[in-house]
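Listed below are the residues making up each chain.
There are 2 protein chains.
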Amino acid sequence: MEFKVKVAILGGDGFCGWPASLYLSDKGHDVIIIDNLSRRAIDEELGADSLTPITDIQTRISAWQEVSGETIGFENIDVAQDYDGLLNFINTERPDAIVHFAEQRAAPYSMKNSRNKRYTVDNNINATHNLLAAIVESGQDIHVAHLGTMGVYGYGTAGMKIPEGYLDIQVNLPEGGHVDQSILYPSNPGSIYHMTKVLDQHLFAYYAKNDELRITDLHQGIIWGTHTEQTIKDERLINRFDYDGDYGTVLNRFLIQAGVGYPMTVHGTGGQTRAFIHIRDMVRCIELALENPPAKGDRVKIINQMTETHRVRDLAELIAEISDAEVAYVPNPRKESAENDLHVHNETFLKLGLKPTTLSEGLLQEVEEVARKYSDRVDRSKIPAQSLWTSAQQAGVPEQEAVEQEAVAADAESGLSESA
Amino acid sequence: MEFKVKVAILGGDGFCGWPASLYLSDKGHDVIIIDNLSRRAIDEELGADSLTPITDIQTRISAWQEVSGETIGFENIDVAQDYDGLLNFINTERPDAIVHFAEQRAAPYSMKNSRNKRYTVDNNINATHNLLAAIVESGQDIHVAHLGTMGVYGYGTAGMKIPEGYLDIQVNLPEGGHVDQSILYPSNPGSIYHMTKVLDQHLFAYYAKNDELRITDLHQGIIWGTHTEQTIKDERLINRFDYDGDYGTVLNRFLIQAGVGYPMTVHGTGGQTRAFIHIRDMVRCIELALENPPAKGDRVKIINQMTETHRVRDLAELIAEISDAEVAYVPNPRKESAENDLHVHNETFLKLGLKPTTLSEGLLQEVEEVARKYSDRVDRSKIPAQSLWTSAQQAGVPEQEAVEQEAVAADAESGLSESA
Ligand SMILES: NC(=O)c1ccc[n+]([C@@H]2O[C@H](COP(=O)([O-])OP(=O)(O)OC[C@H]3O[C@@H](n4cnc5c(N)ncnc54)[C@H](O)[C@@H]3O)[C@@H](O)[C@H]2O)c1
Ligand SMILES: NC(=O)c1ccc[n+]([C@@H]2O[C@H](COP(=O)([O-])OP(=O)(O)OC[C@H]3O[C@@H](n4cnc5c(N)ncnc54)[C@H](O)[C@@H]3O)[C@@H](O)[C@H]2O)c1
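Protein chains in written order, with full-length UniProt numbering: chain A, 1 to 420; chain B, 1 to 420.
Worth flagging that the hints you see were computed from the coordinates, not collected in a lab. Careful: at least some of the hints might be erroneous.
Computed from the model, here is a short list of chain B residues facing chain A with C-beta under 8 Å [to be verified]:
1. TYR119
2. GLN170
3. PRO186
4. VAL198
5. ILE232
6. VAL260
7. ARG313
8. LEU318
9. ARG372
Each residue gets a CB set at the ideal place from its N, CA and C atoms; glycine is no exception.
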C-alpha cells in the first residue's frame, strides 16, 4: 500500500517550505504551494538577501519540473488577508492535507517596532485562524500540520524533561487529595513572534475540540543546514540561507563569521542550550507527520521536532575546529541565566523511523559548500555581532544597543527563552 | 487624599461601558469614551434593537452634561483597525488608566458563520494588541483594566473552587519529588468569542512580563440588570438591554419571555450553574480595580468579577414567582453534563469593600421597570427559545437546529462551558 497525498504547502516559498515541497513532490505526493512572497518583500525592506542565490518561484518550479518531471502548483494567496481566495482554493483543490509554514517567523524582526509587532500578530493569527475557519466552512476532513516552535515551552524546570506538548499535573483539592490532569504545557514566550505560536496553540486546541479538526503541531527546534537531496540537484533549486540580524539563526551567523574570517561572537559563557534539527530531518518529519495524522476527535497531536541540543559555545567551538575560525566571548546583555540545561522528549519521530543527521557530521558540508562557497556574496554590513558591533560603533550606535540586537538575534529561533 | 484619574473607556458606548463611564464621571474622574459604534451597526445587521430606547452617543453625552454638569469626551476610533488614531489619542490625552471593553462579546454571534468567527478573532485580538503596543510605544505608564470572562476557566474540577486566575500545581519530577508552580488557569473556552479572551490572557501575560505593563484582567460573570444610579437619572441616559438570540443573555431572555407572557424555556433539567453580577456592582468593581492597580513588574492581576452563582432553573423559578410566568423544560441539545456545580473564589473585590446586589433583591425592579415597562417595544420574532422554536418550525427550520441556536444563546455569556 502506498501513501500518497494531495498536499498544500502554505509558505512553500520559504526556507522550510521550499525544501519540504520538493521532498514531498519527490516522494510522489501531489504538491501545491501557496505563498504571498512576503518573505522576499521583507528582504527588500531590510536591504538583506539570502547568502545563496535563490531564484524566483516560477524559475524554481520550472527547474524542478525539468529535473524531476514532477509538477508543483503555485498560487499567490495571502492566507491572512484573502480568506475567500483560500476557501476557494480548498474547495477547488480538495487537498488531503495542508502544511502551514506561512507565518512571520523572526523573533528580532517581530520586536523591532510596533509596526512589526502588529504585523506579526495580525499576520500569524489571521493566517492560522483563516485556515481553520476555511476548513470548517469547506466541510472537508483535511489534516493540518503546523510548524510551531520549541520556544513556546516556558517553565523549563530544573531536571524536568520537556514533554511533547502536554504536561501532567496534580491539582490539590481543598478538602485534601488531588486530581490528575493533562494540560497544554504552560507557555512563557520570549518574543512577540513566539507569543503568536502560543496563541496558535489555543486556536488549534479550540478547533480540535469544537470542530474535530485533525491537527498536528510540530514544536520545532532551530533548523540548520541549507541543502537537501532535492535542492542540491540544480543550482536553480537552491534553498535560502539567512544570516542577517533578523532572520539569521545563531548557527548560520557563526558559519558566516567563520566563512569571512571574523571571530564568532558568543555571549557571556555561551552556556545557553538550544534545540536543533537538520533541514533534511525536518522534511522527513513533515512526511512522517502526514503519514500519522491524529484521528477525528483527538486532541491536537503535538510532536517535538528536534534531534539534538547544544550549548551555544559548543557550537562555536565545533565550527572553530573545522574552519580555523576564532571564538570571541562578549558580555551577555540579556537577563537570562548564564547556563541552562535543556532536556526534551523527542521519541515520537524517532519511533516513527527518523534517523537524525548530527551536527558533527553535517557541519563541515555547511562550512565548505555554503559559507565558503558563497562568501563573496556576503554583505558584511548585515553580519551582526562583532562586525555589526564594530560598524555600529563607527556609525555611532551605542555599543550596548548593538550587543542587544545581536543577543535578540541569537534567539531568532531559540528553544527555551527563560526558565521560571 | 482623593483618588481621581483621567480614564479612557474603550467601548464606552456599550452595555457595560456606558454605565461605567457615567459612574466614573459621577465620582469625579475625567472620562473619555472611545468607541467605533460597531455594536450599533451589528444591531442594524441583525435587525435587532435594544429593548430600552437608547439614544445616540452625542445625545447621551450632552444629556449627562445637562444632568450632572460633567463633561465626558468622545472619540470615534476603531481600536482594532486605527492604530495611529489610538496612539495619537494616548499621546495627546495621556490617560492614567484605560478600561478596555471594546470587543465583540456575543458567543452565538461569534459562532454563526466564518465571517463572524473571523471578525471576532480579528477585532478582539487586534484591539487588545493595538492597545498594548500603543502603550509601549507611548512610553507612558498606563494601567489597563480589561474585561475578560468567567468562560475562560475550563477544567472545573469536582469540588475545586475556581481561583482568581492562577492555579497552583505540582509537577512531578522524573527522579521523584515535585516542584510547585503557579500557572494561568488552564483554559477550555466554549466558543470563538470565549477563545478570544483566552488569547487576550496570553497577550497580557506577555506584555506584563516583557514590557512591565500594569494590567488587571477582570474575569466577569454574566451581567444582569439594566439601570444604574446614573443611567436612571434621565431617560436619555438609559442603558441598552439586549434580548435577541445573539446578544441577549439567559436572564434577559427569561425576563422578556415573562414580560410578554411566553413560557421561559429551560434546557434539560436547567441544572447548569452560571456566575452573575449586577451591573451596579460591575461599575463599582471597575472603580475598585482602578484604585488598586498592580505594581510595575507584577504579573497580570486577575480578579473574578462575580457575586453569585445560580442554576438556570432556579433563575427561571425566581422570575416565575415574581411575575406569574411559566417555566417550560425542553430537551438540552448540548453535550454538557445536565448538572454542574460552580464554586468561585471572589474574595478580592469583597475585601476591597464591594457590597453585592443580590438577584433576589434586584430582580423585581427588572421585571417591573424594564421587561414590563418596555414590553410594547419587544420584537417577538427576536425572542429565541420557545417562540423562535415555533416560528422556526413554521419557517421550516428543523426543530433540533432551532433548539441548538437557543442553547448557544443561553451561553452568550456563560460561566464554565464544560467541565473536563
Ligand atoms: N527556520 C527555523 O529555524 C524555524 C524553527 C522553528 C519553527 N519554524 C517555523 O517554521 C515555519 C517556516 O519557517 P521558515 O524558516 O521557512 O520561514 P520563512 O520566512 O523562510 O518562510 C515562511 C513563508 O511563508 C510565507 N508567508 C508568510 N505569511 C504569509 C501569508 N500571510 N500568506 C501566504 N504566505 C505567507 C512567506 O512569504 C515565506 O515564504 C514558520 O512558521 C516558523 O515559525 C522555523
Ligand atoms: N455583558 C456581559 O454579560 C459580559 C460578561 C462578561 C464579560 N463581558 C465583557 O465586557 C465587555 C463589554 O461587554 P458589553 O456587554 O458592554 O458589550 P457591548 O457590545 O455592549 O459593548 C462593547 C462596545 O465596544 C465597542 N467596540 C467593539 N469593537 C470595537 C473596536 N474595534 N473599536 C472601538 N470600539 C469597539 C462596541 O461598539 C460597543 O459599544 C466585553 O469585552 C465583554 O466580553 C461582558
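If any of the earlier hints don't hold here, list their numbers in rising order. As far as the earlier hints go, 1, 5, 6, 7, 8 and 9 are violated by this structure, in ascending order.
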